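**Student:** Take a look at the letters that make up each chain.
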Amino acid sequence: MSVCRPTRCLFSWLSSIPKPSSSASHPRRPFSSTTVRSGRKRRPHYPSIKAEDLALLNQAAETNYPKYDTSETSLLSKRYTKSQIAAIKAAEAALDPKDIITQGQRRTDPWQLPYEDDLAEVDPVTDHADKLSHRDIKGPKNFRRANEVERDEAIAQIANENLAKLYPSGVPDGKLSPKEQQHLEEAMQAALTQAALDPRAIYTSDNPHAVAALADPRHSVVLPDLPRIENRMARQTRRLSNEEQEDPRERRLLQYMDWDKKELRKIRSKTLVVHGVTNQTRMGKIRSMYYLTIAGNGDGLLGVGEGKSVEPEEGRKQSVMSAIRNMRPIPRYENRTIFGDLEKKFGATRVKLYSRPPGFGLRTQHLIFEMARLAGLQDLSARVPGARNKMNVIKATWEALCNQKLPDEIARGRGKKLVDVRKVYYGGSVH
Amino acid sequence: MSLVNLAHVCSHLQNASKARLGLTSIPVSKLHVKLMLGLQKEGLISSVTLGGPRPPLPYLLQASPDPEDMGKMAQEMQEEPWLAYPSERPQISRDAAEEEVSQIANVASEVYKVPIPQNPAQRRLWLGLKYWNNEPVLRNMKLISKPTRRIWLTTQDLNKITRTRASSYVPGLTHPGECMFLTTDRGILEARECVERRIGGMALCRVW
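Chains as they are written, first to last, in full-length UniProt numbering: chain A, 1 to 431; chain B, 1 to 208.
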């Protein structure tokens, strides 16, 4: 009633007067010392399409991607079920042919693939047209070497075909710009090279289907190779097979385990303990590095290995190899946890391992966690009361996991009959 | 019912199995006998025999029938094999073959005859320990109730404990093949049997 009123009057007077336009000679009063940024010119992200262009687009879409007519749908109904046809029609409706025209690219170059593929996912195994066998060739399948006349004829014909692919609307003639001229020359060169390399130019047959099959990559025995990347980085990172075999320790390990390299690649290892040790001799101290590594396949095999050497890399490798060599099977309940609670003492270190229900996870300290992960255990908890020497924790855990007492063995020892009722209760869906 | 003696028995059995003994003895009491019979029923020990300060002879050495009786025995055994086992029941009189049958029965009962001292203080309970795969079958035996603190468990407690959950300050049976013995008003029973019969009792010891 009192204080607000004069201010309100003031504001109302302010709002009533016309706002000064930005183009006025007085610039806006700056509220900060930074210079004013000039307004960004707004440009659309996509160029707007004119109505007439749209009409052309529609035309192109209709001609290139026509809708199914009745004869085609009747053919489809012979091959597919009703629900499948409905799915096909839904997919067709979802894809706007205008988008395919504007965003997709149709290749017209001489090296285009003889089949349709957007190459969004190039898979070296699956990315090729469906293979055809000799049974798909109609008529006799005889070939003979073409004589010179036939060869030249074939080359001319194939080159013409290729050129027609490059220029669907006819080869341009008359006066050409130098760029167009060069393009045409390149195209002719490519067409002729392809024709000369084509097997149809070398062999011929009375059966036109057989000749066509010669050039069809779907009949090829050899799948197209993966493109090789040839640059310095690739060459440096690529390891040759003879280089890999050079490690004599690995070769000995493979011989010992009676494995090949593929199996070795499945093994995962992790160095958990690294420290320096010294040997005091008459001459002085000899320092070397000690490594303790665990290795496992993530599916019930676990090993612990030690290595020591003056050379760090040598010691580490030694420990990895011995870990792989020492791998032992770990019995797992339902492939996820241990059989009951375990307790093991190694030196002054006591390790207690507890089996846990599905979905519990590995709630243990880091060393036991790593071991459980490599062994393929999923539900486990552990306690290490008292001494926590890293080496002893690892060794105690390993011994405990390896020397589990299995229910079958216990039942045999007690002379009891053991029946797994889970198979009855859970419909046999147990490990 | 002294739990002190039971504690001694527990540690003695652990020590004996660590020392790989085949046969060991414990003091005789009704509690011990029943508990040991329970252990035998669970397959944790092989034999329970009442004897004196000297170990009883092994079964094979205890008595050997005369060679001329063996042929007759074998024939009888083929016809009635159950006669190999001693029976508590007195032989009911039968026809002509009665005498021979009773003779075999006598032989069978003699096989199990073990000299027991008259003085009860000298009696011992002899237990046969079991080993499998170079490992003792009974490795751990531990008292649950202590002489100073008895623990009584209800059926609900036992339900939880046999399903590996702790209850009434007793941890669950989490070790593989773990057994727990209770003394109930129906005798000394294993925990799972108590659950089946829905009875509770005083926890004695756990074995695994």
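The set of hints was computed from the structure by calculation and includes no laboratory data. From a predicted model like this one, the values you see are computed outputs, not experimental measurements. Do not rely on the hints blindly, as some may be mistaken.
Unchecked claim - Computed beta-carbon distance windows for the label pairs:
hint, chain 1, residue 1, chain 2, residue 2, range
1, A, Glu334, B, Gln118, 35 to 45 Å
2, A, Lys417, B, Ser168, 30 to 40 Å
3, B, Glu135, A, Arg383, 19 to 29 Å
Quick reminder that beta carbons are idealized off the backbone N, C-alpha and C, glycines included.
**Student:** Now tell me, hint by hint, if it's right for this structure.
**Tutor:** Hint check results:
1. A:Glu334 x B:Gln118: 35 to 45 Å: The hint (35 to 45 Å, Cβ to Cβ) is violated, given that Glu334 of chain A and Gln118 of chain B are roughly 58 Å apart.
2. A:Lys417 x B:Ser168: 30 to 40 Å: With a Cβ separation near 31 Å, Lys417 of chain A and Ser168 of chain B satisfy 30 to 40 Å, so the hint holds.
3. B:Glu135 x A:Arg383: 19 to 29 Å: 25 Å, holds
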